[in-house]
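**Student:** Given these sequences and hints, build the entire structure.
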Amino acid sequence: MKMVGLLVDLSGLLAISEGLIAILILFANMVDLFARLIGLLAILGGLLTIS
Numbered sequence: 001m002k003m004v005g006l007l008v009d010l011s012g013l014l015a016i017s018e019g020l021i022a023i024l025i026l027f028a029n030m031v032d033l034f035a036r037l038i039g040l041l042a043i044l045g046g047l048l049t050i051s
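Residue 14 in the working numbering sits at position 14 of the sequence shown; the count goes up by one each step and never skips.
Some hints could be false.
The calculated SDA-like cross-link candidates involving lysine to any residue, where the alpha carbons are at most 25 Å apart (straight line), are [claimed, not checked]:
no.: 1; residue 1: Lys2; residue 2: Ala15
no.: 2; residue 1: Lys2; residue 2: Leu13
no.: 3; residue 1: Lys2; residue 2: Ser17
no.: 4; residue 1: Lys2; residue 2: Gly12
no.: 5; residue 1: Lys2; residue 2: Ile16
no.: 6; residue 1: Lys2; residue 2: Leu14
What follows is a set of in silico ranges between Cβ atoms, one per label pair, in the way DEER data are often shown [to be verified]:
no.: 7; residue 1: Leu6; residue 2: Ala42; range: 52 to 62 Å
no.: 8; residue 1: Arg36; residue 2: Val4; range: 30 to 40 Å
no.: 9; residue 1: Leu48; residue 2: Val8; range: 55 to 65 Å
no.: 10; residue 1: Ala35; residue 2: Lys2; range: 41 to 51 Å
no.: 11; residue 1: Leu44; residue 2: Gly5; range: 50 to 60 Å
no.: 12; residue 1: Ile50; residue 2: Ala15; range: 28 to 38 Å
no.: 13; residue 1: Leu20; residue 2: Ala42; range: 26 to 36 Å
no.: 14; residue 1: Ala15; residue 2: Gly46; range: 44 to 54 Å
Calculated directly from the structure, the hints in this document are not laboratory data.
All values derive from a computational prediction rather than experimental measurement.
Think of the CB as a built atom: it goes at the ideal place given N, C-alpha and C, for glycine as much as any other residue.
**Tutor:** See below:
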């Protein structure tokens with residue numbers, strides 16, 4: 001009986017950590033997109049100031 005409880009706990013922990021990893025990956029992608037947007041804005045700003 002104790003082993004089953006342990007397995008359930010482990011699978012629960014795995015599911016939680018997988019969820020956290022997915023959130024972290026999502027967050028990293030958002031940050032990456034944000035950085036690219038800022039880079040594009042900076043390039044556009046530079047082009048505008050040159051012209």
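**Student:** Against this structure, judge whether each hint is valid.
**Tutor:** Now for the hints, and whether the structure bears them out:
Between Lys2 and Ala15, the direct Cα distance comes to roughly 20 Å. Compliance with the 25 Å bound is thereby established for this hinted pair. Note on Lys2 and Leu13: the hinted pairing holds, with a Cα-Cα distance of about 17 Å set against a maximum of 25 Å. Only pairs whose Cα atoms come within 25 Å are accepted, and Lys2 paired with Ser17 is accepted, the gap being roughly 23 Å. Note on Lys2 and Gly12: the hinted pairing holds, with a Cα-Cα distance of about 15 Å set against a maximum of 25 Å.
Of the supplied pair hints, the one linking Lys2 and Ile16 holds, its CA atoms being roughly 21 Å apart against a limit of 25 Å. Among the hinted pairs, Lys2 with Leu14 is consistent with the structure: their alpha-carbon atoms are about 18 Å apart, no more than 25 Å. Distance hint check: the CB atoms of Leu6 and Ala42 are about 53 Å apart, consistent with the given range 52 to 62 Å. Distance hint for Arg36 and Val4: a CB-CB separation of about 48 Å, inconsistent with the stated range 30 to 40 Å.
Range check, Leu48 to Val8: about 60 Å between beta-carbon atoms, so the 55 to 65 Å window is met. The hint said 41 to 51 Å for the Cβ distance between Ala35 and Lys2, and at roughly 49 Å that hint holds. Checking the proposed 50 to 60 Å range against Leu44 and Gly5 shows it holds: the Cβ atoms sit about 58 Å from each other. Under the hint 28 to 38 Å, the C-beta atoms of Ile50 and Ala15, about 53 Å apart, miss the expected range.
Between Leu20 and Ala42 the C-beta distance comes to about 32 Å, which sits within the given range of 26 to 36 Å. Look at Ala15 against Gly46: about 47 Å separates their beta carbons, and that is inside 44 to 54 Å.
Against the hints set out earlier in the document, violations occur for numbers 8, 12.
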